[in-house]
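Trainee: For reference, the chains in residue letters:
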Amino acid sequence: MKFRKIILSLIIALLSYPLATFAQVEISGFDIIQNVYNRPTGDDQKGKLTMTLINSRGDQRIREIKQYLKDFGYVEKKIMFFISPADVRNTSFMNWSYDEEGRDDDQWIYLPALKRVKRISSDSKSDYFMGSDFTYDDLGDRHPLEDKHILLRQEKLDDEDCYVVESIPKEEDYMYSRTVTWIIKDKWIGLKKEFYDEDGEHLKTLSVQNYKKIEDYWIITNSQMYNVQKEHTTNMILENLEIDTGLSDTWFTERMMKRGI
Amino acid sequence: MVGKDHMKKMFLKIFPILLLLILSISIPSTASDRDLFFSGYVRTYNGALLKESGEYTLIRNTFNLNIEQRKGNVSFKVNPYIYQYSGKDLDIGLRQAYMDIFFRTIDLRVGKQQIIWGKAEGVFITDIISPKDMTEFLLPDFEEIRMGVNAVKADYYLGNHTFELVWLPVFTPTLMPSDSSIWQPQMNFAIPPQFDYSQKKVKKSLENSEVFFKYSAITSAADFELMAGYAWDDDPTMHVEKTIDPETHELTNLTVIPKHHRLTITGGSFSTTLGPLVLRSEGAYYAGKYFNTADSEASQGVVKKNYLHYLLGLDYTIWDINMSAQFIQQTILDYDESIDSDQYENTITYLMRKDFLRETLTLELFSYFGINNDDALLRPKIYYDIYDGFELTTGVNLFTGNKGRFGQYDNNDMVYMKLKYSF
Chain A
1 MKFRKIILSL IIALLSYPLA TFAQVEISGF DIIQNVYNRP TGDDQKGKLT
51 MTLINSRGDQ RIREIKQYLK DFGYVEKKIM FFISPADVRN TSFMNWSYDE
101 EGRDDDQWIY LPALKRVKRI SSDSKSDYFM GSDFTYDDLG DRHPLEDKHI
151 LLRQEKLDDE DCYVVESIPK EEDYMYSRTV TWIIKDKWIG LKKEFYDEDG
201 EHLKTLSVQN YKKIEDYWII TNSQMYNVQK EHTTNMILEN LEIDTGLSDT
251 WFTERMMKRG I
Chain C
262 MVGKDHMKKM FLKIFPILLL LILSISIPST ASDRDLFFSG YVRTYNGALL
312 KESGEYTLIR NTFNLNIEQR KGNVSFKVNP YIYQYSGKDL DIGLRQAYMD
362 IFFRTIDLRV GKQQIIWGKA EGVFITDIIS PKDMTEFLLP DFEEIRMGVN
412 AVKADYYLGN HTFELVWLPV FTPTLMPSDS SIWQPQMNFA IPPQFDYSQK
462 KVKKSLENSE VFFKYSAITS AADFELMAGY AWDDDPTMHV EKTIDPETHE
512 LTNLTVIPKH HRLTITGGSF STTLGPLVLR SEGAYYAGKY FNTADSEASQ
562 GVVKKNYLHY LLGLDYTIWD INMSAQFIQQ TILDYDESID SDQYENTITY
612 LMRKDFLRET LTLELFSYFG INNDDALLRP KIYYDIYDGF ELTTGVNLFT
662 GNKGRFGQYD NNDMVYMKLK YSF
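Line by line, the protein sequences are chains A and C. Quick note, the first sequence lines up with residues 1 to 261 if you use our numbering. Quick note, the second sequence lines up with residues 262 to 684 if you use our numbering.
One or more of the hints may lead you astray.
Derived DMTMM-like pairs (lysine to aspartate or glutamate); straight-line CA-CA distance at most 25 angstroms [unchecked claim]:
no., chain 1, residue 1, chain 2, residue 2
1, C, 461, C, 425
2, A, 118, C, 382
3, A, 258, C, 361
Simulated from the structure, these hints should not be mistaken for laboratory data. All figures in this text were calculated on a predicted structure; none of them were measured in a lab.
The task is simple: from the sequences and hints, build the whole structure.
Mentor: Structure (structure tokens):
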């Protein structure tokens with residue numbers, strides 16, 4: 001199992017792309033993505049994440065995780081506890097993500113078989129998370145300055161008024177040549193996102209299937225990533241989500257990684 | 262003796278009082294309840310020697326169970342196991358059986374437990390609390406190599422800083438293979454020796470207990486540990502009594518007396534990231550370790566020296582292949598040429614691992630290279646998740662060289678297959 005680059009809270013951010021309203025004020029693609037990036041998601045969150053991996057034959061594999069995250073201002077700390085499959089149960093992962101531009105995340109993993117917390121490198125953004133169709137970067141907090149953003153058009157999608165924004169990475173060897181995102185105007189949620197590979201071919205599509213308002217925050221609770229080239233799907237469900245419960249700082253320590261939940 | 266007895270009595274009186282004090286001043290944490298939970302695995306493991314006409318060296322079925330429950334601020338875990346070998350009685354035991362008490366800033370764990378320290382992988386430097394089961398050399402999973410020990414462990418937490426105190430009331434030595442085992446280490450004597458095990462056992466007493474302390478921290482810049490221990494050497498020193506015929510001056514009798522000695526250990530470890538690299542280091546200073554010597558003036562053929570054991574390691578990823586390299590050196594200080602062991606013993610370990618098919622198929626090569634004796638242990642293996650929690654592993658253990666830690670097992674090259682179901 002690879003657990004590096006897990007920035008799971010950012011799933012919520014990724015799946016919740018909010019944007020400025022296009023109807024009244026002209027807004028650039030960059031401004032839209034900047035607003036998405038800065039969208040508040042609460043001071044702390046906890047919830048259970050279930051990923052169902054489905055291959056082209058319909059075979060399914062389930063991954064379940066409990067996650068806790070807290071914004072400390074200059075750093076956002078997250079801790080994840082793996083529940084299933086059974087052979088990774090009690091494995092935990094901790095990530096500290098810094099606001100400081102260009103500063104790498106700090107990451108640790110606790111493997112119950114080894115009974116110790118191990119520091120790992122956060123330098124594998126293009127790796128797929130737990131064999132799913134989400135890369136660590138897909139789940140992560142990609143800074144708007146890393147891409148050039150172009151507002152392509154406005155159109156309706158699933159009866160929602162959306163902006164359609166194309167994002168082209170500035171980094172030459174990035175795993176995607178471009179992405180196209182549909183964003184609901186009045187809710188600031190990314191409803192759909194298409195990813196194109198380095199050859200410009202359509203690689204995969206992220207589709208939001210359910211979202212709701214929790215504690216004044218729009219949260220996507222059900223989404224699907226479909227890899228059109230591999231005919232492989234990952235369904236992601238976020239349940240039992242609680243926001244701003246006043247999570248203690250002590251959750252984000254080596255002690256909790258070892259103790260588990 | 263009167264003073265020691267008095268101290269013992271005082272300790273036995275004071276310890277429970279201190280414990281009660283700690284319990285009474287601590288504020289319960291907010292640990293959540295967890296129902297009685299069962300997990301574990303069933304595994305079948307077959308191995309055949311590549312030399313000696315493919316003789317099966319291992320046919321073993323394992324049932325490993327973890328039973329856990331948490332109620333408020335207390336929890337327990339019991340980890341029984343059953344090994345079934347072809348043609349032998351069942352081997353049943355408890356790898357761990359302990360209770361936890363969680364307070365706001367202190368965790369207390371009492372009972373049989375595995376305690377793992379340090380940053381090294383596949384090497385034991387500051388990781389010296391849980392003794393090793395060496396009945397199959399270094400080949401089992403590390404969870405099975407490290408034996409549980411009866412201990413009282415207290416951790417005091419200050420943010421991401423941890424102060425850990427471990428008391429082992431009873432010493433447990435390394436578990437060595439039987440005399441008939443293919444994993445019995447080579448011992449070179451001029452004539453076949455007799456063994457006198459009368460001094461091997463360390464008496465179970467308070468004064469023979471072991472104490473360890475560790476301070477550790479994880480920070481954004483680096484993780485580090487500082488440790489100290491007053492322990493016993495897990496491996497016995499082989500004291501040698503020689504009988505020489507006064508007329509012929511020939512060696513007529515050799516008696517080997519295995520004996521454990523006290524050790525004082527101080528050490529530490531750290532790890533940090535340098536961009537895509539993880540740099541690790543670990544080292545320890547062992548005061549009072551005994552070595553065999555050819556010095557005729559040395560009592561029972563042994564000499565007491567201090568020695569250093571340290572490691573430098575690097576983890577990195579190239580072309581999606583996870584790699585890890587470690588350089589390990591053991592140095593005997595104040596060395597003299599008559600000592601049997603080399604002054605410097607150098608070892609390198611190397612790990613390569615790559616996942617395929619959405620992390621369901623993994624290729625791995627882990628190797629030890631002994632520099633002094635030009636020997637090695639190469640362990641290529643493939644593991645495949647047939648279904649979630651259901652894993653097939655096949656691999657080969659290849660020993661090269663003809664002497665040294667790995668070369669001595671040159672005839673033990675083995676191909677194996679494991680099927681494991683985790684629940």
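Trainee: Is it true that the CA of residue 461 (chain C) sits at most 25 angstroms from the CA of residue 425 (chain C)?
Mentor: 30 angstroms, violated
Trainee: Does the alpha-carbon distance linking residue 258 (chain A) and residue 361 (chain C) stay inside the 25 angstroms limit?
Mentor: It holds: about 13 angstroms lies between the C-alpha atoms, which stays within 25 angstroms.
Trainee: Within 25 angstroms, alpha carbon to alpha carbon, are residue 118 (chain A) and residue 382 (chain C)?
Mentor: Judged against 25 angstroms, a Cα distance of about 10 angstroms means the pair holds.
In summary, the structure is inconsistent with hint 1 from the numbered list given earlier, while agreeing with all the others.
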